[in-house]
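Chemist: Listed here are the chains, written in short residue letters.
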Amino acid sequence: MTTLFFIEHANGQVSDQSLKAISATSQIDGDVHGLIVGSDIDSVVAEASKIEGLSKLMHVDDDSFNNILAENLTQLILNISGDYEYFLAAATTTGKNVMPRLAAKLDVSQISEIIAIEGPDTFIRTIYAGNAIATVQTSDPKKVLTVRPTAFKSAVMGSSGCEITKINAENMPSISEFIGEELTKSDRPELTSAKTIISGGRGMQNGENFELLDKVAEKLGAAVGASRAAVDAGFVPNDYQVGQTGKVVAPELYIAVGISGAIQHLAGMKDSKVIVAINKDEEAPIFDVADYGLVADLFQVLPELEQAL
Amino acid sequence: MKILVPVKRVIDPYVNIRVKSDETGVETENVKMSMNPFCEIAVEEAIRLKEAGKAEEIIAVSIGNQSCQETIRTALAMGADRGIHVLTEEKIEPISIAKILSKICEQESPGLVISGKQAIDGDNNQTGQMLAALTDMPQGTFASKIEIDSDKVKVTREIDGGLQTVSLNMPAIITTDLRLNEPRYASLPNIMKAKKKPIDQKSPEDYGIDVTPRVNVLKVIEPPKREAGIKVENISELVEKLKNEAGVI
Chain Z
139 MTTLFFIEHA NGQVSDQSLK AISATSQIDG DVHGLIVGSD IDSVVAEASK IEGLSKLMHV
199 DDDSFNNILA ENLTQLILNI SGDYEYFLAA ATTTGKNVMP RLAAKLDVSQ ISEIIAIEGP
259 DTFIRTIYAG NAIATVQTSD PKKVLTVRPT AFKSAVMGSS GCEITKINAE NMPSISEFIG
319 EELTKSDRPE LTSAKTIISG GRGMQNGENF ELLDKVAEKL GAAVGASRAA VDAGFVPNDY
379 QVGQTGKVVA PELYIAVGIS GAIQHLAGMK DSKVIVAINK DEEAPIFDVA DYGLVADLFQ
439 VLPELEQAL
Chain W
20 MKILVPVKRV IDPYVNIRVK SDETGVETEN VKMSMNPFCE IAVEEAIRLK EAGKAEEIIA
80 VSIGNQSCQE TIRTALAMGA DRGIHVLTEE KIEPISIAKI LSKICEQESP GLVISGKQAI
140 DGDNNQTGQM LAALTDMPQG TFASKIEIDS DKVKVTREID GGLQTVSLNM PAIITTDLRL
200 NEPRYASLPN IMKAKKKPID QKSPEDYGID VTPRVNVLKV IEPPKREAGI KVENISELVE
260 KLKNEAGVI
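Top line first, the protein sequences correspond to chains Z and W. Residues in the first sequence are numbered from 139 upward in steps of one, following this note's numbering. Residues in the second sequence are numbered from 20 upward in steps of one, following this note's numbering.
If you're looking for bench data, these hints aren't it; they were derived computationally from the structure. Don't be surprised by glycine CBs; every beta carbon is placed ideally from N, CA and C. One or more hints might be untrue.
To be verified - Some chain W residues well away from chain Z (every beta-carbon gap over 10 angstroms; in silico):
id, residue
1, M52
2, A71
3, G83
4, N84
5, R101
6, E127
7, I178
8, P217
9, L261
As the list claims (entries may be wrong) - Which stretches of chain W does chain Z cover? Using the computed rule of at least three CB atoms under 8 angstroms from a CB of chain Z, they are:
id, region
10, 34-41
11, 130-143
12, 228-239
Please model the complete structure; the sequences and the hints are all you need to start from.
Modeler: See the structure below:
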């Protein structure tokens, strides 16, 4: 049996999420082949080829893949699917967009956001926003999986690269078109790869007050996140959202400010190594999961925290 | 143009989940049920498109046991025109749901299917993409904005790191993200009116779909509990603990 792993990249680097998720393949017997797409990415391809455990890397050197369309990437993987038993990708917005489409084309179920591999056909994943953990076994001949990156350690890079082959994009459907992208500009690390995260909730009261978090984040080299309540209230864009319907994170240090700790938020951050909660309501459920809790008015203590760092 | 909106009945998002002690699943007996929040957003978006004159008819579909009729009635009370209920007692998986929906698409020829991006019970996030694959339609997942322009639909998608806009040939499948809209509450007169709107009852066999599960749930357990730590008095104590005790700053 052979595994195909779809490797993502951005800004001239292999994505951290792919590097973590690809570690899951070490628990599946057989060879692992990588697939990477995009033009003018030779240095990324060279880097990706060094991922330990990878025996072959296929590169689609085609500028129509610089922005990924689910319809085209699915067709591309289908073209080469005959040789593979396992298809894996990180559970990013790209992985989640493409892998179910691929599974349906292969007439198999897809298993989403696995957090562990129990056996060749048995996987563990969370359901109900992380309130329950299910062990599931598939009877499908081909397994299409997305992997929750925070559940795995980053893959080790070897000293030499594996074989790289170029493949062509054939039989592409022309039913969708990329129009544009608007990426949130930030000097801060990405939420999903940051070692420290400071997040704000409804207690921040408005979007301007997130500046208080930005200042602390600057001192800590942290990413800034938010609860769904803060996103729903329009304080910050959705890509700030930490939680089951947003991003699932597991940094070394997570500071929750003005966040009550709804189940849906906890599901996205409770695997953090150290959790700090700052909230003026001492009954807030966030304190039940926090290693260090501070019952205080955030508007008073955030500037103090910035000063103290 | 018709818009098809699949809706799912799930445990209400504000109910605390209890895992059954025999590890076979999550307790659903005597638990408050609601329409999946992402499906509500899908119904709302379909209604707004109809109100804007872009669509003529909204069909709400639900697949599951008898009580799914209530979920369809909720969609009808919000403003959908008619319902299709595919009755089954089987625990039905996304691939089977997508297959049934693809047959309904063949019969109804909707210009758009708008579904929730995921249901908050299984957290699969698959059905829309699978339906798109089976019908060979393009897909606009995790939508935060939808604009119809003659035979194309422009979808702004919530992606990691920001927003992406794609243009899809219609018919197309769209799945909703949180910021697309804020769903309305059904008014009492509309709830009364919804009782008279038609719901077709069907079965998976009517569509020739075998819904036997392919994925067997071996066990369901509670996640490990995280212990509460300590309270600190002030910022200087917090910073001291983070530096010297936890060693994370």
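Chemist: Now tell me, hint by hint, if it's right for this structure.
Modeler: Against the structure, the hints:
1. Every C-beta of chain Z lies more than 10 angstroms from that of M52 (chain W), the closest at about 13 angstroms, which supports listing it as non-interface.
2. Distance check for A71 (chain W) against chain Z: the nearest CB is about 21 angstroms away, which clears 10 angstroms, and the non-interface claim stands.
3. Non-interface call for G83 (chain W) relative to chain Z: holds, since the shortest CB-CB distance, roughly 17 angstroms, exceeds 10 angstroms.
4. With a least beta-carbon separation of about 19 angstroms from chain Z, N84 (chain W) lies farther than 10 angstroms from that chain, consistent with its non-interface assignment.
5. A cut-off of 10 angstroms between C-beta atoms confirms that R101 (chain W) is not in contact with chain Z; the least separation is 27 angstroms.
6. No beta-carbon of chain Z is positioned within 10 angstroms of the beta-carbon of E127 (chain W); the least distance is around 19 angstroms.
7. Taking the minimum C-beta to C-beta distance to chain Z, about 4 angstroms, the non-interface status of I178 (chain W) is violated against the 10 angstroms cut.
8. For P217 (chain W), the non-interface assignment is confirmed: its Cβ lies about 30 angstroms from the closest Cβ of chain Z, beyond the 10 angstroms cut-off.
9. Against chain Z, the non-interface label of L261 (chain W) is violated: not every CB pair exceeds 10 angstroms, the least being about 7 angstroms.
10. Here's how the region 34-41 of chain W fares: 3 of its residues keep a CB closer than 8 angstroms to some CB of chain Z, so the rule of at least three is met and the hint holds.
11. Only when three residues or more bring their CB closer than 8 angstroms to a CB of chain Z does the claim for the region 130-143 of chain W stand; here the count is 6, and the claim holds.
12. Coverage of the region 228-239 of chain W by chain Z holds [criterion: at least 3 residues with CB-CB distance below 8 angstroms; count 7].
Of the hints listed earlier, those the structure fails to meet are numbers 7 and 9, in rising order.
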